Amino acid sequence: MTEYLQVAIFGLLLGGVYALFASGLTLAFGVMRIVNLAHAVFIVASAYIAFFAFEHLGIDPLLSIVFIMPLMFVFGVGVYMALFSRIEGSARYVEMTVLLTFGIAIMIEGLLGWRFTGIFRQAAPGYLTEAFFIGDFLVPTGQFYAAMLSLVLLIGLWAFLRFTRTGYGIRATMQNRAAAQLVGVNVRRVSAISFGISAALAGASGAMMSYLFPFFPFRHWQWIALLLALVVLGGMGSLKGAVVGALILGVASSLVVDQIGPGWGPMVFYAALFVILLVRPRGLFGKEVTA
Amino acid sequence: MALLEVRDVDAGYGAGPNILKGLSLEVEAGKSYCIIGPNGAGKSTLLKVISGLLPTRAGEVTFRGVPFNGARPDQVLAAGICLVPQEQAVFAEMSVRENLVMGGYLVKDRGLIKTRMDRVFELFPILAERASLDAGKLSGGQQQMLTLGRALMIDPDILMLDEPSLGLAPQVADQIFATIRDLEDLGITIVMVEQNAVRGLQLADWGVVLDLGIVRFEGPADTILEDQRIRELYLGKAVDAGDAP
Amino acid sequence: MIEDRAAADGLEPDVVEADTAPKKPAPYRLLVVAILLLTLLLLPLGRPVLGSYNYIILLVTNTLMWVAMASSWNILGGYAGYISLGHAVFLGIGGYVAAVPLFYYDVSPFLTAVVGGLVAMAVGLVAGLITLRTRGPAFIISTIALLFMFLLIFEQIDYFGGTAGLSLPIVPLPRDWLKAPFYYAMLIAAVGSILLSYRVAHSKFGLGLRAIAEDETKAEVAGVPTRFYKILAFALSAFWVGFVGAMWGYSLSFVRPTLFFTIAISAQMVLMVIIGGRGSVAGPVVGAILIMTINEFSLIQFGASEINIVIAGALLVTVLLFFPLGIVGTLRSRSWLPAFLDWD
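So the sequence lines, in the order shown, correspond to chains F, A and P. Residue 219 in this note's numbering is what sits at position 219 of the first sequence, and the numbering runs on without skipping anything. Residue 137 in this note's numbering is what sits at position 137 of the second sequence, and the numbering runs on without skipping anything. Residue 249 in this note's numbering is what sits at position 249 of the third sequence, and the numbering runs on without skipping anything.
Everything labelled a hint here was simulated from the structure, so no lab data went into it. There's no promise every hint is true.
Here are the simulated distance ranges between beta carbons [claimed, not checked]:
id : chain 1 : residue 1 : chain 2 : residue 2 : range
1  : A       : 229       : F       : 164       : 36 to 46 Å
2  : A       : 8         : P       : 301       : 35 to 45 Å
3  : A       : 65        : P       : 202       : 51 to 61 Å
4  : P       : 126       : A       : 8         : 37 to 47 Å
5  : P       : 214       : F       : 213       : 17 to 27 Å
Calculated from the model, a selection of chain A residues having no Cβ within reach of chain P, i.e. all distances over 10 Å [what the hints assert, rightly or not]:
id : residue
6  : 64
7  : 119
8  : 138
9  : 223
Only a predicted model underlies this, so the values are computations on that prediction, with no experimental measurement involved. By construction, the Cβ of each residue, glycine as well, lies at the ideal position given by its N, Cα and C atoms.
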């Protein structure tokens with residue numbers, strides 16, 4: 001029993017991190033109906049920034065979010081204004097965002113590969129190899145810090161959406177874009193800001209990835225497949241769904257890795273995706289699917 | 001000078017043909033207008049054009065003498081024109097109160113928001129009762145009241161209503177019409193599109209018949225209601241069914 | 001009396017005139033195709049006359065392979081408007097369906113290639129049953145998941161050779177004719193998939209698919225059996241890709257998960273069809289030939305570097321934003337489309 005609980009604890013820590021990774025992705029869809037296939041490559045690019053900041057400047061990866069997040073925010077707003085605002089309101093918009101972000105992902109991956117080559121990177125701050133005990137259970141320090149930071153950021157996001165005027169505007173746009181326009185929300189501005197936030201969340205995710213998971217440019221495809229499956233499970237556009245889905249899949253994949261083998265972890269995500277599409281296509285907390 | 005002037009406007013959707021073809025209309029302050037006409041005539045299209053949701057392909061819309069040149073919907077709202085759309089327009093996952101707060105999104109003065117919200121709760125006691133309920137859980141009629149109430153939060157100069165009684169049971173529609181009458185009494189300029197032409201014309205000061213992409217007929221609402229040609233062309237079924245109260 | 005402004009303006013309701021002019025068939029386009037086919041059929045026999053014979057044959061073989069895959073993808077992605085980003089999964093399935101019997105039982109892939117196509121179709125059918133119940137992005141996401149799921153399965157199971165894959169015996173033919181059978185196999189695939197694409201486009205089924213692409217709700221309301229059609233389109237789009245996979249694996253003398261089940265192959269398919277022109281018969285062909293040419297050129301110029309990938313991505317983004325109809329579509333919209341490209 002304790003073995004299962006131990007594995008579950010690893011799973012929860014992992015899930016907490018997955019939740020942050022997926023939050024930006026689901027936010028972009030919820031507010032702007034953008035399926036951002038480049039989200040994972042944003043994360044990987046940020047991981048490179050954090051990695052080199054650590055290697056060359058000795059900046060702790062988790063602390064580096066202090067400059068990575070604002071940087072990525074500006075990047076996100078820029079990408080939105082340059083590309084997505086062009087196709088606002090076009091027919092088959094969602095499909096366009098898929099193809100567009102697909103192309104962007106390929107471009108960024110190519111640039112990363114060209115600059116940094118395909119060798120595996122992983123930052124190694126001290127806490128990567130440390131651990132401590134809570135009762136009988138082992139808790140890896142690095143993962144603990146990441147999970148805690150995720151929690152803080154997600155709570156911060158929730159509070160921002162719940163209590164600020166811009167947050168209201170974002171939520172209104174998520175729930176009913178046309179009505180939001182009609183109460184005076186500048187939907188384009190809200191969309192750009194939301195995409196910036198989504199990118200900033202990817203930035204923080206990247207800082208965590210830099211030491212938690214070995215990465216190289218092509219890796220982002222594996223990640224985006226997982227994160228997309230997660231988001232569909234939780235319900236596209238639902239932050240609550242992303243968190244719950246992440247925790248469930250984190251624990252489930254940990255158990256699978258423990259019981260069956262290390263390579264099989266991601267299978268849980270894919271199986272969950274197909275099951276939810278069979279059983280409840282809108283996801284756990286998603287809205288009724290419309291075209 | 002008219003409060004709102006629509007002059008020779010052409011408009012259509014996407015790459016499609018013009019739905020409005022050189023349409024002209026004047027809206028004066030303090031009066032209420034009912035726009036009727038066959039399906040596809042462009043009634044909703046006209047409201048969308050005025051509110052900035054749809055661009056004009058020709059002609060212009062002028063408000064208080066200032067033309068709207070491709071103004072965004074939020075800019076039009078800030079100027080004082082508020083559209084209550086046909087489609088479901090509440091924020092389903094926000095409470096009634098939060099919905100009203102959203103109505104006052106552009107209002108800077110917190111105190112003003114409070115005062116206006118109180119006024120809305122006075123006009124719609126049912127909303128006051130359900131203030132903390134998620135808007136998605138309200139009935140159709142209550143949601144419509146909420147959208148109306150939300151529009152009042154900005155104290156608009158012109159309130160545009162797109163099919164306010166659509167899909168509502170007769171008693172509920174009656175309530176909505178009664179509320180619209182109250183709003184008229186408050187002196188708010190109202191432009192409404194109503195499929196229930198008879199009720200709409202009974203409520204309004206001025207009637208406007210939209211057909212073939214232009215304003216085909218307009219005049220005092222009761223005159224429009226009585227006009228033989230118009231009755232035959234547009235009001236036939238409704239009048240025979242004895243829809244008048 | 002209230003004035004009737006319509007009478008005053010002399011307005012009448014619009015009358016929509018039907019486009020009654022029939023399309024003139026251009027017989028010479030069949031001639032162009034016949035000449036092309038003949039050339040392609042005879043090419044491998046031209047060893048004495050052609051310089052760089054091996055290079056040319058390889059290039060044409062690969063181009064034919066991509067023509068087959070792009071045309072297939074187009075059936076779902078172009079006609080029905082459902083984007084499959086995991087289509088490479090069918091390449092891998094076909095590859096392994098041929099490789100495993102060869103590796104363990106010496107069964108020639110020339111016999112099992114069709115089976116590869118059929119198994120790919122079956123997978124497409126089952127996957128489609130699950131994922132084509134909803135509209136919107138869920139399907140696209142599920143195709144990516146499908147690809148990675150199969151990648152994972154084939155990497156983890158030792159019977160399939162795991163991450164290293166399976167090493168296959170070389171075709172039992174004299175050295176000079178090693179490449180010829182694959183050339184003809186890919187030619188069959190290319191012709192087959194173009195024919196399939198053409199037949200679909202000119203059928204009631206194809207009309208239904210286009211209706212789905214334009215407005216699925218309206219199509220449903222109009223009586224189009226949308227779910228059945230979508231699933232059928234997905235399955236059909238898998239066949240030739242599976243066939244190609246079987247042949248490709250044999251021609252390489254190995255199958256390996258990361259080579260077949262890779263999103264890079266899906267990406268290339270998408271790029272080819274988008275650039276060439278979605279939803280047309282000739283578009284994917286044009287796109288495939290163009291991209292292969294660009295790839296060769298950039299390989300010669302820049303070598304095999306990451307820059308190629310950046311260019312591919314930039315190309316996709318540019319075409320999406322500025323020429324969404326692709327080459328064939330844009331030409332058609334300006335009435336510049338030459339007859340031998342107009343098969344719709």
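Original post:
Is residue 64 of chain A truly not at the interface, in the sense that its beta carbon sits beyond 10 Å from all beta carbons of chain P?
Top reply: About 26 Å separates residue 64 of chain A from the closest Cβ of chain P, which puts it past 10 Å; holds.
**OP:** Kindly confirm whether 37 to 47 Å is satisfied by the beta carbon distance between residue 126 of chain P and residue 8 of chain A.
**Re:** Since residue 126 of chain P and residue 8 of chain A have Cβ atoms about 59 Å apart, the given range 37 to 47 Å is violated.
Subject >> Outcome of range test on Cβ distance (residue 214 of chain P, residue 213 of chain F; 17 to 27 Å) >> reply: Since residue 214 of chain P and residue 213 of chain F have Cβ atoms about 43 Å apart, the given range 17 to 27 Å is violated.
**OP:** Confirm or reject the claim that residue 8 of chain A and residue 301 of chain P have a C-beta distance inside 35 to 45 Å.
**Re:** This hint is violated: roughly 57 Å between Cβ atoms.
Original post:
Does residue 138 of chain A sit more than 10 Å from chain P, CB to CB?
Top reply: It holds; residue 138 of chain A is separated from chain P by about 26 Å at its closest Cβ, greater than 10 Å.
**OP:** Against chain P, does residue 223 of chain A hold up as non-interface, every C-beta pair farther apart than 10 Å?
**Re:** 6 Å, violated
Original post:
Regarding residue 65 of chain A and residue 202 of chain P, is the given constraint of 51 to 61 Å on their beta-carbon distance met?
Top reply: Given a distance of about 59 Å, which is inside 51 to 61 Å, the answer is holds.
Original post:
Far enough from chain P: is every CB of that chain over 10 Å from the CB of residue 119 of chain A?
Top reply: Given that every Cβ of chain P is farther than 10 Å from that of residue 119 of chain A, nearest at about 37 Å, it holds.
Original post:
Between residue 229 of chain A and residue 164 of chain F, does the C-beta distance stay in 36 to 46 Å?
Top reply: The hinted range 36 to 46 Å is violated for residue 229 of chain A and residue 164 of chain F, with Cβ atoms some 56 Å apart.
Violated hints, in rising order: 1, 2, 4, 5 and 9; the structure is consistent with all others.
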